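Student: Residues per chain are reported as follows:
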Amino acid sequence: MFTPEGMTRVLIAATKSQMEPVIREMYRQHLFHIEEFVEKDKKEYEGYRIGTPLPAANETSRQLLRLRGINNAFMIHEDEAETGGKQKHGHLKELVERELPSIEQEVEDLLSRRAKLDSQIKEYEQKIDALKPFASVPIDLELLRGFQMFSVFCGYISRNISLDIPHEILMSESKKDRFIVLIVPNQDRSIAEQALQNAQFQAVPVPEETGTAASRIGYYEGQVLAVKGELEEINRRLDEIKKRHKDFFLACNELLTADVEMAEAPLRFATTGESFIVEGWVPTERLETFRQGIHYATGGKVYVYELDQSEVEDVAPTEYHNVSFARPTEMLMDVYSRPRYTEIDPTLLISIIFPIFFGIILGDVGYGAILLVLSLGLQRFLKGDEGQKLLKVLRNASISSIIFGVLFSEFFGFSLPWDPILFSRHLNIGGHAGGHGPDVTSLMIMAIWIGVLQITLGRVLGMVNHARQDHGSHRIKAVMANLGWIMVLWGILAMLWAAFPLPFMPDLTGLPPIVMGLNMGSILGLVLILLGVVFIVRDSALEIVELPTILSHVLSYARLVGVGLSSVAIAMVVNFIAIGLIIEPQLESLTAFGVIIVIMGALVFVIGHLLNTILGMLGGGLQSLRLQYVEFFTKFYKGGGKKYTPFGMKKRFMED
Amino acid sequence: MADAATAVAATEMTVEMIKASQLGMKALGAGLAVGLTGIATGIAEMAIGSAAVGATAENKDVFGLVLLLTVIPETIVIFGLVVSLLLLF
Numbered sequence: 147m148f149t150p151e152g153m154t155r156v157l158i159a160a161t162k163s164q165m166e167p168v169i170r171e172m173y174r175q176h177l178f179h180i181e182e183f184v185e186k187d188k189k190e191y192e193g194y195r196i197g198t199p200l201p202a203a204n205e206t207s208r209q210l211l212r213l214r215g216i217n218n219a220f221m222i223h224e225d226e227a228e229t230g231g232k233q234k235h236g237h238l239k240e241l242v243e244r245e246l247p248s249i250e251q252e253v254e255d256l257l258s259r260r261a262k263l264d265s266q267i268k269e270y271e272q273k274i275d276a277l278k279p280f281a282s283v284p285i286d287l288e289l290l291r292g293f294q295m296f297s298v299f300c301g302y303i304s305r306n307i308s309l310d311i312p313h314e315i316l317m318s319e320s321k322k323d324r325f326i327v328l329i330v331p332n333q334d335r336s337i338a339e340q341a342l343q344n345a346q347f348q349a350v351p352v353p354e355e356t357g358t359a360a361s362r363i364g365y366y367e368g369q370v371l372a373v374k375g376e377l378e379e380i381n382r383r384l385d386e387i388k389k390r391h392k393d394f395f396l397a398c399n400e401l402l403t404a405d406v407e408m409a410e411a412p413l414r415f416a417t418t419g420e421s422f423i424v425e426g427w428v429p430t431e432r433l434e435t436f437r438q439g440i441h442y443a444t445g446g447k448v449y450v451y452e453l454d455q456s457e458v459e460d461v462a463p464t465e466y467h468n469v470s471f472a473r474p475t476e477m478l479m480d481v482y483s484r485p486r487y488t489e490i491d492p493t494l495l496i497s498i499i500f501p502i503f504f505g506i507i508l509g510d511v512g513y514g515a516i517l518l519v520l521s522l523g524l525q526r527f528l529k530g531d532e533g534q535k536l537l538k539v540l541r542n543a544s545i546s547s548i549i550f551g552v553l554f555s556e557f558f559g560f561s562l563p564w565d566p567i568l569f570s571r572h573l574n575i576g577g578h579a580g581g582h583g584p585d586v587t588s589l590m591i592m593a594i595w596i597g598v599l600q601i602t603l604g605r606v607l608g609m610v611n612h613a614r615q616d617h618g619s620h621r622i623k624a625v626m627a628n629l630g631w632i633m634v635l636w637g638i639l640a641m642l643w644a645a646f647p648l649p650f651m652p653d654l655t656g657l658p659p660i661v662m663g664l665n666m667g668s669i670l671g672l673v674l675i676l677l678g679v680v681f682i683v684r685d686s687a688l689e690i691v692e693l694p695t696i697l698s699h700v701l702s703y704a705r706l707v708g709v710g711l712s713s714v715a716i717a718m719v720v721n722f723i724a725i726g727l728i729i730e731p732q733l734e735s736l737t738a739f740g741v742i743i744v745i746m747g748a749l750v751f752v753i754g755h756l757l758n759t760i761l762g763m764l765g766g767g768l769q770s771l772r773l774q775y776v777e778f779f780t781k782f783y784k785g786g787g788k789k790y791t792p793f794g795m796k797k798r799f800m801e802d
Numbered sequence: 069m070a071d072a073a074t075a076v077a078a079t080e081m082t083v084e085m086i087k088a089s090q091l092g093m094k095a096l097g098a099g100l101a102v103g104l105t106g107i108a109t110g111i112a113e114m115a116i117g118s119a120a121v122g123a124t125a126e127n128k129d130v131f132g133l134v135l136l137l138t139v140i141p142e143t144i145v146i147f148g149l150v151v152s153l154l155l156l157f
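Protein sequences appear in the order of chains A and B. When you line the first sequence up against my numbering, it's residues 147 to 802, in that order. When you line the second sequence up against my numbering, it's residues 69 to 157, in that order.
Hints were generated in silico from the structure; no laboratory data involved. None of the values given here were measured: they were computed from a predicted structure. Honestly, I wouldn't trust all of these hints.
[Claimed, not checked] Cut-off 20 Å, straight-line C-alpha distance, at most; resulting in silico cross-link-like pairs (EDC-like, lysine to aspartate or glutamate): (1) A/K529 <-> B/E113; (2) A/K784 <-> B/D129; (3) A/K788 <-> A/D286; (4) A/K788 <-> A/E224; (5) B/K128 <-> A/E378; (6) A/K232 <-> A/E801; (7) B/K94 <-> A/E476; (8) A/K796 <-> A/E378; (9) A/K535 <-> B/E84; (10) B/K128 <-> A/E532; (11) A/K789 <-> B/D129; (12) A/K273 <-> A/D286; (13) A/K788 <-> B/E84; (14) A/K389 <-> A/E224; (15) B/K128 <-> A/D286; (16) A/K268 <-> A/E378; (17) B/K128 <-> A/D480.
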């Protein structure tokens, strides 16, 4: 429960003729986490080489590449599959050989035809663009080019021009610009050029077409329409193929991916001329199944050997081993870092503490209910493992929020019909607010107590971790150092208790003084602090600079109260503005205009509480998570474990 | 003459007035505590936040971690909030 799944280091050795059945069986079982073989120049590695892929690898990779190209073109994603029934592996393999190539050929033909038509449309559109300026010129285009005695200027000008030379001019004006066609004898060309330049002439080339521009545009537009019709037909056929074969494509993808992974597995093995060796990890509980499977698949021709792992436990992959209640919280652990194989896995603790902290911060029946509905409702829409886990964490947190809402007697900032069972968080906001306000001192003491207890727990776990992970003289020192931190923390507390009477804390002020005005409590505290510091220094003297973090980390838990109260304050302010300031004054003498104001007030109410829900979710979630990561984990948790990724895959579309 | 005027003013300060002015000072102090720490948190989160966005752009997996790193300076403003709450209530 507090440790990851037990792993056993396993070595498999056999002749190369057994390579394929071994790979196939390992893939089928989905249990063996392969430790990749790396070539080294050391003596014990001599003679071993990284293996070469199985012969089928090339052909299968090519097939897979082709299929993925089609899947990409269709934008088929695994999530959209309706996994109606699984296909038999052998049958599917046959289909891949027999039917897939012809379907792929058809799709590829259609796709290349579509690309061709697309480029055709672009070509026509470019031609239309080139013709457009001449649309208003009522002359055949071939009459605008090919003169020897005359120069033709076509283009846009910014203002009218007047010429003293013999010329022919055609002008068309629109709102935006003026288009001009000017024909002059060659000897007057320079004068015309000068005049045009003054009018900021921008030349437009005459298209290589015959007939008037308007008729050519009409022709090309007809062409575009025809091509678009053809395109639609192709798209329709592609859609049909997609609809008909989507699941088949996905199943083929799965089959070929599996085949490629299997074919390339020897790249992770160590091989000699005639044999191969592969090392890896198998969950200890399943070891016997694994061994029997390999034995059965190869007729006992393979050597499966359990290795001594005491030296290499640090590199063992980590697989969570939690009760089902704590499973969603594994996601929060992975965000920080997966636990190492040898250390305590705090997932279960976090799955209990995180919702409680969330509830203390956002203790409101209304907000909790909204988040609960949200997390349950989104479960249908959000796909993927991570998303589902997150929603389950949110669900637990919102249930806790409702429970604390009942204890704090809060509903959208209003109070429920009973007095707060825990401590009051009701603020005096609004014109006719009454009561004695929030019980900040008690709330603070509660937060401090939570902090002291969680940090102590963290240090205790730190002692356990060091005892399990470290060796030699460092081990005892590290364990004592963690004890030292606990002693300093409680020593400070004892001295505080001896000096000041605090609510909800033991009162040691009444004890009789012994020496120099110090009573039993102070002396006990002092001794604890001094001893603790000695223990810490023995492990590492530099740690002394970390001593103030004892105070700051404990005080950091005050955020449970601070963030919570600010969320209550926002809720009450929203209520006061919406109801006290906008709606109530109107209700006293309701007019037609007043109804609109009341509706606006209701809008303010809804938007305000919506914003506060989002803020509360972010604040409550992030702040309580941060308390785990920064204040709690730094006491004992290292993380950095390797994820257990067994060779094989979860089959969704096929079965053996 | 001026001394006499202040003396008169001082004698005219009633207990209620002093209490009210103390209440005002408390509110001022509470406001300063939240406001100044808020600014400090903002400055601190500015650098972390921009680095966090950069890191996320390069590798989406770090989003959860950098989101947490970004809220670490929030401690400052929360201490401010706690101080102001203790002042007010």
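Student: Now tell me, hint by hint, if it's right for this structure.
Tutor: Hints, one by one, checked against the model:
Taking the CA atoms of A/K529 and B/E113, the gap is near 33 Å; set against the 20 Å cutoff, the hint is violated. This hinted pair checks out: A/K784 and B/D129 have alpha carbons roughly 19 Å apart, not beyond 20 Å. With a CA separation close to 77 Å, the supplied pair A/K788 and A/D286 exceeds the 20 Å bound. Straight-line distance between C-alpha atoms of A/K788 and A/E224 comes to about 27 Å, which puts the hinted pair past the 20 Å bound.
At most 20 Å may separate the alpha-carbon atoms for a hinted pair to count; B/K128 and A/E378 exceed this at roughly 38 Å. Proposed proximity of A/K232 and A/E801 is supported: the alpha carbons are some 6 Å apart, at most 20 Å. For the proposed pair B/K94 and A/E476, the alpha carbon gap of about 46 Å is over 20 Å, so the pair is violated. The straight-line distance between the Cα atoms of A/K796 and A/E378 is roughly 38 Å, outside the 20 Å bound, and the hint therefore fails.
Distance hint between A/K535 and B/E84 is unfulfilled; the C-alpha atoms sit about 58 Å from each other, more than 20 Å. Proposed proximity of B/K128 and A/E532 is supported: the alpha carbons are some 14 Å apart, at most 20 Å. Distance restraint check for A/K789 and B/D129: the Cα-Cα separation of roughly 15 Å lies within the 20 Å cut-off, and the hinted pair is therefore satisfied. Among the hinted pairs, A/K273 with A/D286 is consistent with the structure: their alpha-carbon atoms are about 16 Å apart, no more than 20 Å.
Proximity of A/K788 to B/E84 is assessed by CA-CA distance (about 68 Å); at most 20 Å being required, the pair is judged violated. For the hint pairing A/K389 with A/E224, the CA-to-CA distance comes to about 14 Å; that is within 20 Å, so the pair holds. Only pairs whose Cα atoms come within 20 Å are accepted, and B/K128 paired with A/D286 is rejected, the gap being roughly 61 Å. The hinted pair formed by A/K268 and A/E378 meets the criterion: a straight-line CA distance of about 16 Å does not exceed 20 Å.
Of the pairs offered as hints, the one joining B/K128 and A/D480 holds, with about 14 Å between alpha carbons and a cut-off of 20 Å not exceeded.
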